[in-house]
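Undergrad: Here is how the chains run, residue by residue.
There are 2 protein chains.
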Amino acid sequence: MKKLINSVADVVAESVAGFAAAHADIVRAEFDPMFVVRADAPVAGKVGLVSGGGSGHEPLHIGYVGAGMLDAAVPGAVFTSPPPDPILAATRAVDGGAGVLHIVKNYTGDVLNFETAAELAEMEGLTVRAVTVNDDVAVEDSLYTAGRRGVAGTVLVEKIAGAAAERGDDLDGVAAVAQHVIDNVRTMGVALRACTVPHAGRPSFDLGEDEIEIGIGIHGEPGRHRVPMAGADAITDQLLDAVVADLRVRAGERVLLLVNGMGGTPESELYIVYGHARRRLEDIGVVVERSLVGNFITSLEMQGVSLTLLRLDDGLTALWDAPVHTAALRRGR
Amino acid sequence: MKKLINSVADVVAESVAGFAAAHADIVRAEFDPMFVVRADAPVAGKVGLVSGGGSGHEPLHIGYVGAGMLDAAVPGAVFTSPPPDPILAATRAVDGGAGVLHIVKNYTGDVLNFETAAELAEMEGLTVRAVTVNDDVAVEDSLYTAGRRGVAGTVLVEKIAGAAAERGDDLDGVAAVAQHVIDNVRTMGVALRACTVPHAGRPSFDLGEDEIEIGIGIHGEPGRHRVPMAGADAITDQLLDAVVADLRVRAGERVLLLVNGMGGTPESELYIVYGHARRRLEDIGVVVERSLVGNFITSLEMQGVSLTLLRLDDGLTALWDAPVHTAALRRGR
Numbered sequence: 020m021k022k023l024i025n026s027v028a029d030v031v032a033e034s035v036a037g038f039a040a041a042h043a044d045i046v047r048a049e050f051d052p053m054f055v056v057r058a059d060a061p062v063a064g065k066v067g068l069v070s071g072g073g074s075g076h077e078p079l080h081i082g083y084v085g086a087g088m089l090d091a092a093v094p095g096a097v098f099t100s101p102p103p104d105p106i107l108a109a110t111r112a113v114d115g116g117a118g119v120l121h122i123v124k125n126y127t128g129d130v131l132n133f134e135t136a137a138e139l140a141e142m143e144g145l146t147v148r149a150v151t152v153n154d155d156v157a158v159e160d161s162l163y164t165a166g167r168r169g170v171a172g173t174v175l176v177e178k179i180a181g182a183a184a185e186r187g188d189d190l191d192g193v194a195a196v197a198q199h200v201i202d203n204v205r206t207m208g209v210a211l212r213a214c215t216v217p218h219a220g221r222p223s224f225d226l227g228e229d230e231i232e233i234g235i236g237i238h239g240e241p242g243r244h245r246v247p248m249a250g251a252d253a254i255t256d257q258l259l260d261a262v263v264a265d266l267r268v269r270a271g272e273r274v275l276l277l278v279n280g281m282g283g284t285p286e287s288e289l290y291i292v293y294g295h296a297r298r299r300l301e302d303i304g305v306v307v308e309r310s311l312v313g314n315f316i317t318s319l320e321m322q323g324v325s326l327t328l329l330r331l332d333d334g335l336t337a338l339w340d341a342p343v344h345t346a347a348l349r350r351g352r
Numbered sequence: 020m021k022k023l024i025n026s027v028a029d030v031v032a033e034s035v036a037g038f039a040a041a042h043a044d045i046v047r048a049e050f051d052p053m054f055v056v057r058a059d060a061p062v063a064g065k066v067g068l069v070s071g072g073g074s075g076h077e078p079l080h081i082g083y084v085g086a087g088m089l090d091a092a093v094p095g096a097v098f099t100s101p102p103p104d105p106i107l108a109a110t111r112a113v114d115g116g117a118g119v120l121h122i123v124k125n126y127t128g129d130v131l132n133f134e135t136a137a138e139l140a141e142m143e144g145l146t147v148r149a150v151t152v153n154d155d156v157a158v159e160d161s162l163y164t165a166g167r168r169g170v171a172g173t174v175l176v177e178k179i180a181g182a183a184a185e186r187g188d189d190l191d192g193v194a195a196v197a198q199h200v201i202d203n204v205r206t207m208g209v210a211l212r213a214c215t216v217p218h219a220g221r222p223s224f225d226l227g228e229d230e231i232e233i234g235i236g237i238h239g240e241p242g243r244h245r246v247p248m249a250g251a252d253a254i255t256d257q258l259l260d261a262v263v264a265d266l267r268v269r270a271g272e273r274v275l276l277l278v279n280g281m282g283g284t285p286e287s288e289l290y291i292v293y294g295h296a297r298r299r300l301e302d303i304g305v306v307v308e309r310s311l312v313g314n315f316i317t318s319l320e321m322q323g324v325s326l327t328l329l330r331l332d333d334g335l336t337a338l339w340d341a342p343v344h345t346a347a348l349r350r351g352r
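Chains as they are written, first to last, in the numbering used here: chain A, 20 to 352; chain B, 20 to 352.
Warning: the hint list may mix true and false statements.
A pair holds if it fits inside one copy or across any two, identical chains being indistinguishable in the list.
Unchecked claim - Lysine to aspartate or glutamate pairs mimicking DMTMM-like chemistry, simulated, CA-CA at most 20 Å apart:
{"no.": "1", "residue 1": "Lys21", "residue 2": "Asp229"}
{"no.": "2", "residue 1": "Lys21", "residue 2": "Asp225"}
{"no.": "3", "residue 1": "Lys21", "residue 2": "Asp340"}
{"no.": "4", "residue 1": "Lys21", "residue 2": "Asp256"}
Hints in this document: simulated from the structure, not taken from any laboratory.
If we strip away everything but chain A, and leave its shape as in the complex, we get:
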């Protein structure tokens, strides 16, 4: 296994420590238990936003901690849900008196551990609400999930809910905005090559040299089907058609188009996918009003891409455009 790591046991803690040192103007890290929090947390009177999940998807979630997005992120072991204890500690750390929203990707372990942490927090007198992101149209139920998985749409939920919290919406309002994003966002991905989880030491699945997996999960869990390698346009069509059909996007509607790299995909290839998807959308009369192209939720060094559409309205677009200052996403100010 060729990885720039020292020991399998220390991967996440060493990485989080490096991250916090590099971005000390934005965040600080706690290690007992481990979470990353805005340097100025808690922000009095503001709803606190906490997300988290298995590591290996960077920059998600720690890269999105900062003004206008998350107040804290809880990294678990690689591809492993964080336990309730650090989620509880992060919840306490961001409570500014206006309540805390948990943004949870829909994996069974994440959902359970965030629920437990929320119950413990409520017993301490905190007010906690949760939303569950389930944007992956590829499959119902999966290795680690009842219902649909939460994938790249999570980035958009975190940005837009973060903007709502920053402008002063109350807990119900921020939760409603987050749910509105969830209701209008859909994603599907494809893998060309698997990644290797450090504690496994070998690729998480095998794909033939002329084979790709459509609908791959972000942990390499099975998608819809394996098909022969094809050109970028044909692969993009398969992702886009599934997302458009599920979201029921129609002519005249406006969308945010997110093309996300899974970690080992050259940026040039992401823009080829983006270009074709955009043309296809324009052909059916859909307006690509906002775009995001790059590595935003990865699976270590997996080669592949996911395509996400968020149906926009004036309110969502304004929140998307609001200033944000995190390690991985910056806009305005």
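Please build the complex by placing chain B on the supplied structure of chain A, with the hints as guidance.
TA: Leaving out everything else, chain B in the frame of chain A:
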């Protein structure tokens, strides 16, 4: 070959078209000949900055076109210098009457083609100066280079010279700032796994499963030596020791520490490298005043990392901190 492309011949043009569509608020692309230019170019009275080189290193250079950085970038074929014609066209397009600075990475083809373009531009009455970036301490001369290669330091030259041009420095002034960065920046990289150039169809070099190459070039050209795979700290030490020795950084000095991923390296690993390098620098009394961690100059999907130090002074730090608005680097405003 598993790549998200349609045909080998169209990789760069399709990717640039997608890039320009995604970032139409910042850039526009020309295709005959091909270059990417600020949407508001030429900026009257401002020195124009043009860079370019072989594609496959994205976001370099097209991702750095925008306010506060480059005015235009000229992408060649993958790992192939662009010919003089598009460089000349880009030079014309950014001339706002204050002259144009070419920022050239030190590869023989790039240097020759930029020189030819500059001569042609001068014959048309434009004023052109050039600086050559040669920050790679790994080797003197190489497959494509007389002298040292230009690598990740180029990103810092482009940012800081771009800030100098934006504040209104004249052509001599901007060139002097760029040269000051070049004089104070050094880089060394390591590869764990090669990338595959589309028109070659196979990995550009072979490394054993337990072997890495120290001092790798950004086109996979040979570095200093191949050594057995080691832990991240030990690998980081080899890069850092070489850079510190060559730059002669001393206790009390301030630096910018850039840890750059080569395209296929998980972000978590970059932060492990960063964390160790920072501690080592602090141990010898060097102040890490600014940091940059991520994929800034890649080699397609190569797995590896480079480490760059820029010796800072008040002037350079202020220019580094100045607002920038490009696809790949944003700060302020």
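Undergrad: Each hint needs a verdict: does it hold in this structure or not?
TA: Results for each hint:
Proximity of Lys21 and Asp229 under a CA criterion of 20 Å is satisfied inter-copy only: 7 Å between copies versus 24 Å inside one chain copy. Within a single copy, Lys21 and Asp225 get their C-alpha atoms as close as 17 Å, and across copies as close as 14 Å, so both meet the 20 Å cut-off. For the homomeric pair Lys21 and Asp340, neither the shortest alpha-carbon distance inside one copy (40 Å) nor that between copies (36 Å) is at most 20 Å. Taking identical chains as interchangeable, the C-alpha atoms of Lys21 and Asp256 lie at most 20 Å apart only when they sit on different chains, with a minimum of 17 Å there against 34 Å within one chain.
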